[in-house]
Amino acid sequence: MRRYFPLIVCAFAIASGFVAPAVEPEVRPKAEASGLHAHETHASASLLGQFRTSITSWLWLRTDLYLHNGVEMRPLTDQELEVGQQGVTSAESLHKEGLTVVPAAERDFRGTLGDIERATRAYKNMEGHSHSSPLMALPLYRLMTWIEPTFEEGWRTGGAVLAMGTDPHQHELAIDFLMEGLKANPKSLMILNQIGFTLAVKKKDYGKAIPIFEQARNIGLHTKVMNEADQESFRDVYRWLTLLYRETNQPEKQQMVATEGLKIFPDDVVLSKSGEAQMPTHKDEEDHHDHDH
Amino acid sequence: MNKILIWRALARGVLLESIRRKDLWVVAILGFIIVCSAGALGFFGMSGLESFAKDLAASVLGGFSTILAIVTTGRLMPEETKNRTLYPLVARPISRFDLLFGKFLGGVAVAWISFLILCALTALALSIFGVKMEPIMLQYVMLKMMGLVVVCAVSLMLSTLMTPSAAVTMSFVILFGSSMLSRGLLMAFSTADPGVAPFYRVINGVLPQVSLFDIGGRAANTNWRLVPLWVIGALATYMVLYSAAMLSLSWAKFRRQAL
Chain A
10 MRRYFPLIVC
20 AFAIASGFVA
30 PAVEPEVRPK
40 AEASGLHAHE
50 THASASLLGQ
60 FRTSITSWLW
70 LRTDLYLHNG
80 VEMRPLTDQE
90 LEVGQQGVTS
100 AESLHKEGLT
110 VVPAAERDFR
120 GTLGDIERAT
130 RAYKNMEGHS
140 HSSPLMALPL
150 YRLMTWIEPT
160 FEEGWRTGGA
170 VLAMGTDPHQ
180 HELAIDFLME
190 GLKANPKSLM
200 ILNQIGFTLA
210 VKKKDYGKAI
220 PIFEQARNIG
230 LHTKVMNEAD
240 QESFRDVYRW
250 LTLLYRETNQ
260 PEKQQMVATE
270 GLKIFPDDVV
280 LSKSGEAQMP
290 THKDEEDHHD
300 HDH
Chain B
29 MNKILIWRAL
39 ARGVLLESIR
49 RKDLWVVAIL
59 GFIIVCSAGA
69 LGFFGMSGLE
79 SFAKDLAASV
89 LGGFSTILAI
99 VTTGRLMPEE
109 TKNRTLYPLV
119 ARPISRFDLL
129 FGKFLGGVAV
139 AWISFLILCA
149 LTALALSIFG
159 VKMEPIMLQY
169 VMLKMMGLVV
179 VCAVSLMLST
189 LMTPSAAVTM
199 SFVILFGSSM
209 LSRGLLMAFS
219 TADPGVAPFY
229 RVINGVLPQV
239 SLFDIGGRAA
249 NTNWRLVPLW
259 VIGALATYMV
269 LYSAAMLSLS
279 WAKFRRQAL
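Sequences listed follow chains A and B, in order. Following our numbering, the numbering of the first sequence begins with 10 at its first residue and continues without gaps. Following our numbering, the numbering of the second sequence begins with 29 at its first residue and continues without gaps.
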């Protein structure tokens, strides 16, 4: 018996490995991956860039790097924002994207050493820059979401990057990718929102977009605790639904959704405008009727 | 005796000692990890992942080779003292500077050989996946080798000041932390008073600028031009000057050290 003791212990160890997933939700609760969010908001986090422990977060940041062909960008610090410094804009949008990590000569105190760094690192003036083909990033998004299927931000951004541009095939790829993400995160407002956006804006398929947003609305209404990102997605769901109901000429539903949304997000300008826009429409209709009479 | 012969003999000794200690086995194991990781990466399809594969290769090469260089050079002098093998060496008609410089050259040789072995294995892994080799990669290898000289010089200098463990730890902190500190200074400078520039310049000048030798970002991504010759010349000058400064500090300590 004593001879078999190590084997028995090993067998128990292996068996415990099989039941281990049952305790995973307790020991490793679903948490927001510390990815781009920290990178965007904290200068200290960007300083520590490569020392992040999460592979997913690391891949997330690398993806951003490859889309800029290796030119490392950083967010503006609070101090820089205070003194009114501006980030660079991309050619595709007027959205400010921060500054290059290797500074331009006029922001550099190092003289020749700075010139050398600009010549050895991937550096160029990024004002009005363009992005590398988003298709090259797809395997990375696949990799990061394979490692961490609950990384909703990875699914959402992967879908958004894939849907960039006007190629319908890419839009299909984006939808497929997001649907895969939805399977792994069936209650993800973020992913549903992105699917709805891609259907509505990229594919102009309002008929398919509305049920997706409605599904998100339903999930949101039954969710008691939401993080900031989910709240933002939930707000977007209401915005998109009011716009889509307007586009599909369903004023009652538009009004109902805008009113419901305003109860949850009373300060939302888009929803309140959408609600106001609805009122004159009714009035216009009455005026129109009066006029007819 | 011809100085070059002395230095060569000492460097050869370091190399043989490294082989005897099976340090190169560590390189082989690390290389095996690289090839296996590349295999895992291939699982996701390499189409579109070329930049990522090259970037990963450059990061792994840079990290592993720096670690090996630090660990090899950081224990050279303290172990000679601890094992008492230093005494027969200093009893010979060679100066302490020759001893130090010969050991330094040996450390550089081990670091270079390890790096080149890792490079060969990485190139093999990349070629299996059809990643194209470009001329900038040769520049990457050349500049990285120059950077390793600075790494060895810093590590050797620290090893003459403190215990091997402390020297290795401090080398890691200084060599990996210097780029972060430089970056922090640059970020701080963007909103600082222009009058602080000389102060920042001094701090930055003291720190070893090893990251300047790393053109992995260019090599990994597409359509980057080769690094101009004047930059390579400037980096070679920096390597010589900074290493000379480190060796001078090491010598200043070692020549007065009671054995």
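Since the hints were made in silico from the structure, they are not lab data. Ideal placement from N, C-alpha and C gives every residue a C-beta, glycine not left out. Be careful, since some hints might not be right.
Simulated restraints on C-beta separations [what the hints assert, rightly or not]:
1. A:T98 <-> B:V224: 28 to 38 Å
2. B:V234 <-> A:P30: 31 to 41 Å
3. A:F21 <-> B:A194: 42 to 52 Å
4. B:R284 <-> A:A29: 51 to 61 Å
5. B:F60 <-> A:A29: 26 to 36 Å
6. B:V234 <-> A:V32: 44 to 54 Å
7. B:T191 <-> A:P158: 19 to 29 Å
8. A:P195 <-> B:L52: 48 to 58 Å
9. B:A194 <-> A:I64: 46 to 56 Å
Structure-inconsistent hints, enumerated in ascending order: 2, 7 and 9
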